[in-house]
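*Asks:* Chain residues, written in single-letter form:
Protein chains: 2
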Amino acid sequence: MSETMDMDTKMQQFDEDVEKIISLLEEKAYFKARDEILKYNEVDIGEVLEEVLEELGVEKTIILFRMLPKDVAVEVFSYLPTDDQLEIVQGITDREISYIIQELDFDDKIDVLEELPANIVDKILEKTPKEERKLINTFLNYPDTCAGSLMTPDYISLQETMTVAEAMAHIKREGMDSETVYTCYVKKRGRKLEGIVSLRALVIADDDTLISELMNTDYVYVSVYDDQEEVAETFKKYGFLAIPVVDKEHRLVGIITVDDILDVIEEETTEDMERMAGVMDDSDTEYLDMGVFRHVRNRLPWLIFLTVSLMITGTIITKFEAVLAQVIVLVSYLPLLMGTGGNAGSQAGTLIIRGMAVDDIDLKDAFKVFWKELRVSIILGVILSAFNMAKVVFIDGQSVMIGLTVAASMILIIMFAKLVGGLLPMAAKKIGIDPALMATPMISSLTDMVSAVTFLVIASLLLGISL
Amino acid sequence: MSETMDMDTKMQQFDEDVEKIISLLEEKAYFKARDEILKYNEVDIGEVLEEVLEELGVEKTIILFRMLPKDVAVEVFSYLPTDDQLEIVQGITDREISYIIQELDFDDKIDVLEELPANIVDKILEKTPKEERKLINTFLNYPDTCAGSLMTPDYISLQETMTVAEAMAHIKREGMDSETVYTCYVKKRGRKLEGIVSLRALVIADDDTLISELMNTDYVYVSVYDDQEEVAETFKKYGFLAIPVVDKEHRLVGIITVDDILDVIEEETTEDMERMAGVMDDSDTEYLDMGVFRHVRNRLPWLIFLTVSLMITGTIITKFEAVLAQVIVLVSYLPLLMGTGGNAGSQAGTLIIRGMAVDDIDLKDAFKVFWKELRVSIILGVILSAFNMAKVVFIDGQSVMIGLTVAASMILIIMFAKLVGGLLPMAAKKIGIDPALMATPMISSLTDMVSAVTFLVIASLLLGISL
Numbered sequence: 064m065s066e067t068m069d070m071d072t073k074m075q076q077f078d079e080d081v082e083k084i085i086s087l088l089e090e091k092a093y094f095k096a097r098d099e100i101l102k103y104n105e106v107d108i109g110e111v112l113e114e115v116l117e118e119l120g121v122e123k124t125i126i127l128f129r130m131l132p133k134d135v136a137v138e139v140f141s142y143l144p145t146d147d148q149l150e151i152v153q154g155i156t157d158r159e160i161s162y163i164i165q166e167l168d169f170d171d172k173i174d175v176l177e178e179l180p181a182n183i184v185d186k187i188l189e190k191t192p193k194e195e196r197k198l199i200n201t202f203l204n205y206p207d208t209c210a211g212s213l214m215t216p217d218y219i220s221l222q223e224t225m226t227v228a229e230a231m232a233h234i235k236r237e238g239m240d241s242e243t244v245y246t247c248y249v250k251k252r253g254r255k256l257e258g259i260v261s262l263r264a265l266v267i268a269d270d271d272t273l274i275s276e277l278m279n280t281d282y283v284y285v286s287v288y289d290d291q292e293e294v295a296e297t298f299k300k301y302g303f304l305a306i307p308v309v310d311k312e313h314r315l316v317g318i319i320t321v322d323d324i325l326d327v328i329e330e331e332t333t334e335d336m337e338r339m340a341g342v343m344d345d346s347d348t349e350y351l352d353m354g355v356f357r358h359v360r361n362r363l364p365w366l367i368f369l370t371v372s373l374m375i376t377g378t379i380i381t382k383f384e385a386v387l388a389q390v391i392v393l394v395s396y397l398p399l400l401m402g403t404g405g406n407a408g409s410q411a412g413t414l415i416i417r418g419m420a421v422d423d424i425d426l427k428d429a430f431k432v433f434w435k436e437l438r439v440s441i442i443l444g445v446i447l448s449a450f451n452m453a454k455v456v457f458i459d460g461q462s463v464m465i466g467l468t469v470a471a472s473m474i475l476i477i478m479f480a481k482l483v484g485g486l487l488p489m490a491a492k493k494i495g496i497d498p499a500l501m502a503t504p505m506i507s508s509l510t511d512m513v514s515a516v517t518f519l520v521i522a523s524l525l526l527g528i529s530l
Numbered sequence: 064m065s066e067t068m069d070m071d072t073k074m075q076q077f078d079e080d081v082e083k084i085i086s087l088l089e090e091k092a093y094f095k096a097r098d099e100i101l102k103y104n105e106v107d108i109g110e111v112l113e114e115v116l117e118e119l120g121v122e123k124t125i126i127l128f129r130m131l132p133k134d135v136a137v138e139v140f141s142y143l144p145t146d147d148q149l150e151i152v153q154g155i156t157d158r159e160i161s162y163i164i165q166e167l168d169f170d171d172k173i174d175v176l177e178e179l180p181a182n183i184v185d186k187i188l189e190k191t192p193k194e195e196r197k198l199i200n201t202f203l204n205y206p207d208t209c210a211g212s213l214m215t216p217d218y219i220s221l222q223e224t225m226t227v228a229e230a231m232a233h234i235k236r237e238g239m240d241s242e243t244v245y246t247c248y249v250k251k252r253g254r255k256l257e258g259i260v261s262l263r264a265l266v267i268a269d270d271d272t273l274i275s276e277l278m279n280t281d282y283v284y285v286s287v288y289d290d291q292e293e294v295a296e297t298f299k300k301y302g303f304l305a306i307p308v309v310d311k312e313h314r315l316v317g318i319i320t321v322d323d324i325l326d327v328i329e330e331e332t333t334e335d336m337e338r339m340a341g342v343m344d345d346s347d348t349e350y351l352d353m354g355v356f357r358h359v360r361n362r363l364p365w366l367i368f369l370t371v372s373l374m375i376t377g378t379i380i381t382k383f384e385a386v387l388a389q390v391i392v393l394v395s396y397l398p399l400l401m402g403t404g405g406n407a408g409s410q411a412g413t414l415i416i417r418g419m420a421v422d423d424i425d426l427k428d429a430f431k432v433f434w435k436e437l438r439v440s441i442i443l444g445v446i447l448s449a450f451n452m453a454k455v456v457f458i459d460g461q462s463v464m465i466g467l468t469v470a471a472s473m474i475l476i477i478m479f480a481k482l483v484g485g486l487l488p489m490a491a492k493k494i495g496i497d498p499a500l501m502a503t504p505m506i507s508s509l510t511d512m513v514s515a516v517t518f519l520v521i522a523s524l525l526l527g528i529s530l
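Protein sequence lines, in the order shown, are assigned to chains A and B.
Reading the first sequence from the start, the letters are residues 64 to 530 in our numbering.
Reading the second sequence from the start, the letters are residues 64 to 530 in our numbering.
Please note: incorrect hints may appear among the correct ones.
It does not matter which identical chain is used: a pair holds within one copy or between any two.
Derived lysine-lysine pairs resembling DSS-like cross-links, with alpha carbons at most 25 Å apart [as the list claims (entries may be wrong)]:
1. K255 with K102
2. K300 with K102
3. K250 with K102
4. K493 with K73
5. K382 with K251
6. K193 with K250
7. K73 with K255
8. K73 with K250
9. K493 with K102
10. K133 with K186
11. K133 with K251
12. K454 with K382
Since the hints were made in silico from the structure, they are not lab data.
Let the hints inform the model, and build the full structure from the sequences given.
*Replies:* What follows is the structure, given as structure tokens:
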């Protein structure tokens with residue numbers, strides 16, 4: 064990697080190397096494969112192992128994994144997806160498992176222990192010193208999506224009365240992780256968090272400066288049961304590298320580092336997007352790793368809901384059979400109006416849901432949203448109506464009254480769709496429902512019903528057909 | 064902020080303080096307002112100013128802004144949204160502008176200069192030392208979404224031949240930003256990047272260790288023209304705090320820090336979500352700050368596209384008028400089938416688009432996606448068909464043949480929708496089109512057409528109606 068390559072070239076190079084390693088393993092040239100793999104850093108080695116596991120199965124993967132230097136093996140293990148970690152755990156000895164778990168960073172250790180079968184966890188905990196076992200149990204009990212589940216207890220503690228020189232000597236002795244060393248935490252008696260000092264401040268300050276002079280007591284922190292989405296918002300807002308987590312008594316219980324927040328943001332965004340498309344998935348399992356029945360279970364509830372709503376729309380339409388039977392051409396405009404309504408609504412819905420998710424839009428902006436969508440929908444409605452009227456009259460050769468029916472319905476439907484799309488997610492948030500659930504599927508099912516009724520009522524009025 | 068509060072309480076407290084500050088400003092109690100605002104840190108002060116600007120207008124905001132201590136004012140300025148920065152710039156003197164710009168961190172400086180009117184930029188550059196002016200001009204020329212536009216030239220440079228003690232003394236002299244100090248960069252002659260050393264390694268190492276012994280030469284880097292989305296992926300993959308940016312000759316031109324990547328991820332995700340809902344917006348303007356006509360312009364193209372596609376579907380339906388006129392009840396099932404198809408397709412589309420965006424799904428997985436969606440769609444199709452058939456026959460009291468027509472169409476439509484939803488985004492990526500453009504609007508317009516044809520053809524076959 065000594066020369067500059069752009070991303071594509073790098074990835075291509077990597078893919079070629081992976082293929083090479085796989086064919087070396089197939090030929091049982093294990094040592095050559097290991098030498099090849101050790102050119103990469105631990106994150107990339109993790110990716111190679113994933114590929115090997117997929118292509119050659121678990122036995123060869125474990126042979127290769129065992130050939131890695133011990134410290135590399137531990138780090139690589141921490142980067143593997145949970146499923147792959149479990150496969151490897153099942154293939155290695157208890158002693159090897161214990162070694163890996165012991166060497167993992169605390170937060171990775173918790174993540175792995177959470178997923179391992181209970182009997183393996185018990186075996187590992189038996190061999191763990193009592194103090195750490197207690198700590199592990201506390202961490203394992205934090206709910207999955209709260210600040211507590213993201214934090215690590217590995218941080219640098221200082222005292223107010225230390226000098227910079229003493230603090231630096233302390234840091235040198237502890238020799239922490241690269242992620243967690245850059246902010247140090249000053250605690251009072253009873254573990255209460257007093258202030259924070261950045262390593263940068265320590266490095267720049269004179270040796271005999273007191274920590275109490277350097278520390279920042281007006282720091283931002285999160286509470287251990289704060290939701291991970293709020294923690295992520297705090298990181299985004301302030302641009303921190305780490306943030307302290309305190310309990311009810313304001314005792315420092317751990318810190319959260321920004322690298323874990325990148326994963327949280329990805330997870331939360333994926334959840335939002337899936338919900339917005341009517342997929343209910345509460346796991347973090349990747350698409351390809353998820354079984355067919357699980358996919359069915361995730362997608363069925365909304366499809367059933369939507370089908371029922373569309374059945375109701377269908378029943379409404381049958382009430383207007385008289386209108387449709389008389390002017391059968393109206394049938395061909397029904398999907399046009401319903402479809403345009405659904406799309407117009409989902410545009411507005413997505414903008415508002417995303418705007419609220421990134422804190423650009425607040426509940427108190429409801430009237431502004433209403434006013435903006437009202438004007439946007441009138442303009443869009445007029446343009447699309449004119450366009451459709453022209454098509455109905457000049458291209459389809461229908462009467463002007465039918466053209467007017469389509470045009471008038473179009474304006475009303477777009478206005479309704481935009482306003483519902485904009486305000487429904489806000490109403491949901493107001494009453495504590497995830498706005499992402501009010502996206503396309505919900506909005507379009509509402510819009511569909513209203514579109515059908517609007518169109519058919521206007522048709523019967525304008526065309527003078529009695530219902 | 065000395066006691067623990069959960070997020071909601073904190074936010075409520077903040078909102079109350081903002082109201083207090085605004086009423087103080089209304090009463091012209093400027094000094095009290097300033098004292099109140101200075102309790103908060105710079106990010107929060109920025110938020111207060113945003114509120115003040117919105118509630119009380121630009122004059123009062125500028126009075127308050129001018130009363131802030133100079134260093135606080137500069138930092139607060141850097142956190143304001145671009146629109147608000149421009150409003151403030153227009154209200155303060157050239158000298159104040161120059162001061163702020165000069166004091167900003169280099170990457171913030173570039174961001175501000177990019178948005179300022181050319182005449183103000185020229186004035187500022189006139190007063191800038193020649194070397195820096197050259198650098199600013201180079202940075203201003205990087206395209207908006209590449210690595211170059213995200214980087215800062217403020218980083219710590221070391222030499223291989225330095226000892227740790229010399230390096231630490233150097234860092235102390237430079238006294239960099241908190242974000243950029245934690246990784247140091249070792250350069251050869253000709254500015255070529257040789258290796259990187261973390262501040263952690265320096266702190267832990269003995270004073271007389273040579274940098275060449277500590278540095279990591281197998282570092283990950285990006286190229287100056289790499290797309291920001293790829294840079295974000297690199298950060299997510301490796302969990303770095305900063306990453307070096309090199310040019311074609313592998314010279315170090317700057318570094319990118321993780322706090323800027325959080326913004327990139329947010330921006331890219333928002334763009335994806337908007338595109339997936341048929342909103343074309345190439346600006347970063349927030350929903351509420353965007354004018355009505357701009358909103359119309361962003362939403363009109365897809366609505367027109369969809370309307371045309373729905374017109375075509377309508378025309379197809381008119382070809383089957385004979386079928387519909389004979390069995391008018393079929394009309395009420397048409398939206399049901401079209402709607403379910405659209406929803407089923409958009410579920411699959413969203414899963415695949417998101418899966419590709421987070422690198423869980425690769426183009427080479429196309430067959431796996433096909434096979435998974437095929438099975439999922441058959442199971443979902445059978446369940447929904449049975450459900451619908453029961454409704455048609457037992458609740459609506461229609462004939463079994465009509466029930467069968469609906470059921471058979473339902474299975475075929477769901478299969479088609481899931482396969483198109485899954486594979487269309489992959490095909491788009493293959494030929495270099497953003498998969499997000501192939502989401503709900505595109506998938507549902509295709510599904511609509513196919514649904515209509517499928518249903519009406521099956522109806523005419525099963526019900527024995529000649530076309």
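*Asks:* Using 25 Å as the alpha-carbon threshold, which applies to K493 and K102: within, between, both, or neither?
*Replies:* neither (53 Å within a copy, 30 Å between copies)
*Asks:* For the identical chains here, do K133 and K251 meet the 25 Å Cα criterion within one copy, between copies, both, or neither?
*Replies:* Neither: 38 Å inside a chain and 33 Å across chains, both beyond 25 Å.
*Asks:* First find the shortest C-alpha distance between K300 and K102 inside one copy, then the shortest across copies, and answer within, between, both or neither for a cut-off of 25 Å.
*Replies:* between (38 Å within a copy, 17 Å between copies)
*Asks:* At most 25 Å between alpha carbons: which applies to K493 and K73, within, between, both or neither?
*Replies:* This pair counts as between: shortest inter-copy Cα distance 18 Å, intra-copy 47 Å.
*Asks:* Up to 25 Å between alpha-carbons, please classify K382 paired with K251: within, between, both or neither.
*Replies:* neither (74 Å within a copy, 81 Å between copies)
*Asks:* Can you give me the call for K454 and K382, within, between, both or neither, at a CA distance of at most 25 Å?
*Replies:* Between copies only: 17 Å across, 28 Å inside.
*Asks:* When no copy is specified for K73 and K255, does a C-alpha distance of 25 Å or less occur within a copy, between copies, both, or neither?
*Replies:* Between copies only: 19 Å across chains, 48 Å inside a chain, cut-off 25 Å.
*Asks:* Between K193 and K250, at a C-alpha cutoff of 25 Å, which is it: within one copy, between copies, both, or neither?
*Replies:* within (24 Å within a copy, 48 Å between copies)
*Asks:* Within, between, both or neither: how does the pair K250, K102 come out at a Cα-Cα threshold of 25 Å?
*Replies:* between (42 Å within a copy, 22 Å between copies)
*Asks:* Indicate which option fits the pair K73, K250 if close means a Cα-Cα distance not exceeding 25 Å: within, between, both or neither.
*Replies:* between (46 Å within a copy, 22 Å between copies)
*Asks:* Given a CA cutoff of 25 Å, do K255 and K102 count as a within-copy pair, a between-copy pair, both, or neither?
*Replies:* Between copies only: 21 Å across, 45 Å inside.
*Asks:* Should K133 paired with K186 be assigned to within, between, both, or neither, using CA atoms and 25 Å as the limit?
*Replies:* This pair counts as within: shortest intra-copy Cα distance 21 Å, inter-copy 60 Å.
Going through the hint list in order, the structure does not satisfy hints 5, 9 and 11.
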